[in-house]
Amino acid sequence: MKKLIIAVTALGLLAFGSLSVQASPQSDLKAFQGYFKKNFPKIKFDDFSNGLYALPEAADRRAEWEAIEEFPPYELDLAKGKKFWEKNKLGTCFKNGGAGIAQNYPYWDKKKKEVRTAELDINACLKRQGKKPIKKGKLATVTAYFYNMARGKRIKIDVSAPGAIAEYEKGKHFFWAKRGQLNFSCANCHISGAGKRVGGNIMSTALGHGTGFPAYRSKWGGLGTIHRRYKGCNKQVRTAPLKQNNKTYRALQLYETYMNTGLPLTAPSNRF
Amino acid sequence: MRKSSTFITTLGAVALMMGGMAIAPQAVAVGEMPSKKVCKSKPKDPVVAGGCIATDRKKGNCMACHSFAGLEKTRLQSGNVGPPLVAMKQRFKDKKKLRAQIWDATKANPQSMMPPFGRHKILSEKDIDLITAWVLSL
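Just so you know, the protein sequences line up as chains C and R, in that order. For the first sequence, position 76 matches number 1352 in my numbering, and the numbering has no gaps at all. For the second sequence, position 76 matches number 350 in my numbering, and the numbering has no gaps at all.
To be clear, the hints were calculated from the coordinates, so they are not data collected in a lab. A portion of the hints provided could be inaccurate.
What the hints assert, rightly or not - Derived DSBU-like pairs (lysine-lysine); straight-line CA-CA distance at most 35 Å: (1) C:Lys1389 with R:Lys318; (2) C:Lys1414 with R:Lys332; (3) C:Lys1388 with C:Lys1519; (4) R:Lys369 with R:Lys318; (5) C:Lys1495 with R:Lys369; (6) C:Lys1446 with R:Lys370; (7) C:Lys1407 with R:Lys370; (8) C:Lys1358 with R:Lys332; (9) R:Lys369 with C:Lys1454; (10) C:Lys1495 with R:Lys318; (11) R:Lys371 with C:Lys1519; (12) C:Lys1523 with R:Lys332; (13) R:Lys314 with C:Lys1523; (14) R:Lys395 with C:Lys1454.
As the list claims (entries may be wrong) - Not close to chain R: a few residues of chain C, all C-beta gaps over 12 Å, as computed: (15) Gly1406; (16) Ile1410; (17) Gly1428; (18) Phe1460; (19) Lys1472; (20) Gly1476; (21) Asn1477; (22) Arg1493; (23) Ser1494; (24) Gly1498; (25) Asn1522.
What the hints assert, rightly or not - Sample of chain C residues facing chain R (criterion: CB under 10 Å; computed from the structure): (26) Asn1315; (27) Phe1316; (28) Ile1319; (29) Asn1372; (30) Leu1396; (31) Lys1412; (32) Gly1413; (33) Gly1456; (34) Asn1459; (35) Val1474; (36) Asn1510; (37) Lys1511; (38) Pro1540; (39) Thr1542.
Even glycine gets a Cβ: it sits at the ideal position worked out from N, Cα and C.
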């Protein structure tokens, strides 16, 4: 009997082992999106792009959010971003003048051998013209304009290159590993804890994370990038935040965005 | 069986009474959170002192995930990630087991979301003793 149990356990381990070896971004994606479809059957797929407001638990907040969206607080910033974009001829550095391509960001750059974000490409374009790079709010504003030119386009990330898969795996590890003094992983709150409340705050679903960034947050009183949001999350679990455009955050962004495959971009969005 | 359950109920009632008596001098009744004023006065009663640490957002912040009696009378909002803290004396007959759970909940369940208050030094050993006393009063 004991031998049988050992044999069964060994078989189980073998099966599990081979499964984890075979886990590809494609099978991860199926499991990830499947989890949310199963556990949040009332939410339509596209609505996950609206983040927190897609949750039935946040119905009262949604009404308030929709009212704000009628006169979006980011409109002035979008106009500023557009002005900067045109003045600096940023379109010359991007495919199709930068229109309708943000749904493929971040992407693996085979030549540079790194994950490139829109923010990095915008600053590279400025550098090519001998201009100073932009930072923080200004960078978020210009990036928001770039994303707005692809608003509604469905996310499609290419992770076929071996280098891209390596970065994807790093991002996946960051997402699932516990960290900080409070010992939380991203998954703790945004997979198993999604829809539940921490104090008065409802935790968003990981599906849809980043579709609305750069976002206008009332907490910030302005637009901010997804990496700024990551920094805030890291501080909340009491771990040292990383710098914007750091390789680890880029890897996380690649993983999270790939998990959003098929969702429409809603950036810039309005978040509390 | 019926007899033993009556016995437990009686014991529970006695324990509740004793608990009530113990915190009476601090003027905090069962099911009520200590006020800011009481907390500032460095209460000596372990249940009251534990309640102060538990509801301090920078310390225990227990209400972030758990609901418990008395919160409804404060401005604090409770979360629903963890189970409500009710009948804790019945659920944790062994005080050591409860303390160990607060010290590091991931030991019993590696998937637990609860921060390991002792292992990660979020709270001091003394604070954990006080919180344990407070939890058992709920």
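Against the structure, the hints:
A C-alpha spacing of about 61 Å is found between Lys1389 of chain C and Lys318 of chain R, which places the hinted pair above 35 Å, so the restraint is violated. Using a Cα cut-off of 35 Å, the hinted pair Lys1414 of chain C and Lys332 of chain R holds, with the two alpha carbons roughly 33 Å apart. With a C-alpha separation of about 20 Å, the suggested pairing of Lys1388 of chain C with Lys1519 of chain C holds against the 35 Å cut-off. A C-alpha spacing of about 20 Å is found between Lys369 of chain R and Lys318 of chain R, which places the hinted pair at or below 35 Å, so the restraint holds.
Taken as a hint, the Lys1495 of chain C and Lys369 of chain R pair is broken in the structure, with Cα atoms around 42 Å apart against an allowance of 35 Å. Of the supplied pair hints, the one linking Lys1446 of chain C and Lys370 of chain R is violated, its CA atoms being roughly 39 Å apart against a limit of 35 Å. Of the supplied pair hints, the one linking Lys1407 of chain C and Lys370 of chain R is violated, its CA atoms being roughly 64 Å apart against a limit of 35 Å. As the CA atoms of Lys1358 of chain C and Lys332 of chain R are separated by approximately 42 Å, the hinted pair breaks the 35 Å bound.
Taken as a hint, the Lys369 of chain R and Lys1454 of chain C pair is honoured in the structure, with Cα atoms around 28 Å apart against an allowance of 35 Å. Annotation: proposed proximity of Lys1495 of chain C to Lys318 of chain R is violated, straight-line Cα distance about 39 Å (limit 35 Å). Under the criterion of a C-alpha separation no larger than 35 Å, the hint pairing Lys371 of chain R with Lys1519 of chain C is inconsistent with the structure, at around 41 Å. For the given pair, Lys1523 of chain C sits about 31 Å from Lys332 of chain R by alpha-carbon distance, which is consistent with the 35 Å threshold.
Distance hint between Lys314 of chain R and Lys1523 of chain C is unfulfilled; the C-alpha atoms sit about 46 Å from each other, more than 35 Å. For the given pair, Lys395 of chain R sits about 16 Å from Lys1454 of chain C by alpha-carbon distance, which is consistent with the 35 Å threshold. Every beta carbon of chain R lies more than 12 Å from that of Gly1406 of chain C, the smallest distance being close to 48 Å; the non-interface claim holds. Distance check on Ile1410 of chain C: its Cβ is at least 36 Å (rounded) from any Cβ of chain R, clearing the 12 Å threshold; non-interface status holds.
Even its closest Cβ contact with chain R, about 34 Å, leaves Gly1428 of chain C beyond 12 Å, as expected for a residue assigned away from the interface. The beta carbon of Phe1460 of chain C sits about 7 Å from the closest Cβ of chain R, which is not more than 12 Å, so the claim that it is off the interface is violated. Not every C-beta of chain R lies more than 12 Å from that of Lys1472 of chain C, the closest at about 5 Å, which undercuts listing it as non-interface. The Cβ of Gly1476 of chain C sits about 4 Å from the closest Cβ of chain R, inside the 12 Å cut-off, so the non-interface label is violated.
For Asn1477 of chain C, the requirement that its beta carbon stay farther than 12 Å from each beta carbon of chain R is not met, with the minimum near 8 Å. The claim that Arg1493 of chain C is not at the interface with chain R holds, since no C-beta of that chain comes within 12 Å of its own (minimum 20 Å). Every Cβ of chain R is farther than 12 Å from the Cβ of Ser1494 of chain C; the closest lies at roughly 18 Å, confirming the non-interface assignment. At roughly 26 Å, the least C-beta separation between Gly1498 of chain C and chain R is larger than 12 Å, which holds for a residue marked as non-interface.
For Asn1522 of chain C, the condition that its CB be more than 12 Å from all CB atoms of chain R holds, with the nearest at approximately 24 Å. With 10 Å as the threshold, the beta carbon of Asn1315 of chain C stays out of range of chain R, its nearest partner Cβ sitting at about 15 Å, so the hint is violated. For Phe1316 of chain C, the interface hint is violated, since its Cβ never comes within 10 Å of a Cβ in chain R; the closest pair sits about 16 Å apart. Taken as an interface hint, Ile1319 of chain C does not check out: its beta carbon lies about 19 Å from the nearest beta carbon of chain R, beyond 10 Å.
Taking 10 Å as the C-beta contact cut-off toward chain R, the hint placing Asn1372 of chain C at the interface is violated, the least distance being around 44 Å. Taking 10 Å as the C-beta cut-off, the interface hint given for Leu1396 of chain C is violated, the closest approach to chain R being about 34 Å. Residue-level restraint check for Lys1412 of chain C is violated (minimum Cβ-Cβ distance to chain R is 28 Å; threshold 10 Å). Among the interface hints, the one on Gly1413 of chain C is violated; its C-beta lies about 29 Å from the nearest C-beta in chain R, farther than the 10 Å criterion.
Annotation: interface hint on Gly1456 of chain C holds; nearest CB of chain R at approximately 9 Å, less than 10 Å. Because the closest C-beta pair between Asn1459 of chain C and chain R is about 5 Å apart, less than 10 Å, the hint holds. Interface hint at Val1474 of chain C: satisfied, since its Cβ lies 5 Å from the closest Cβ of chain R, which is below the 10 Å cut-off. Among the interface hints, the one on Asn1510 of chain C is violated; its C-beta lies about 15 Å from the nearest C-beta in chain R, farther than the 10 Å criterion.
Given the 10 Å rule on beta carbons, the hint for Lys1511 of chain C is violated: about 13 Å separates it from the nearest Cβ of chain R. The beta carbon of Pro1540 of chain C is not positioned within 10 Å of any beta carbon in chain R (closest approach about 30 Å), and the interface hint is therefore violated. Restraint check, Thr1542 of chain C versus chain R: the minimum CB separation of about 27 Å is more than 10 Å; hint violated.
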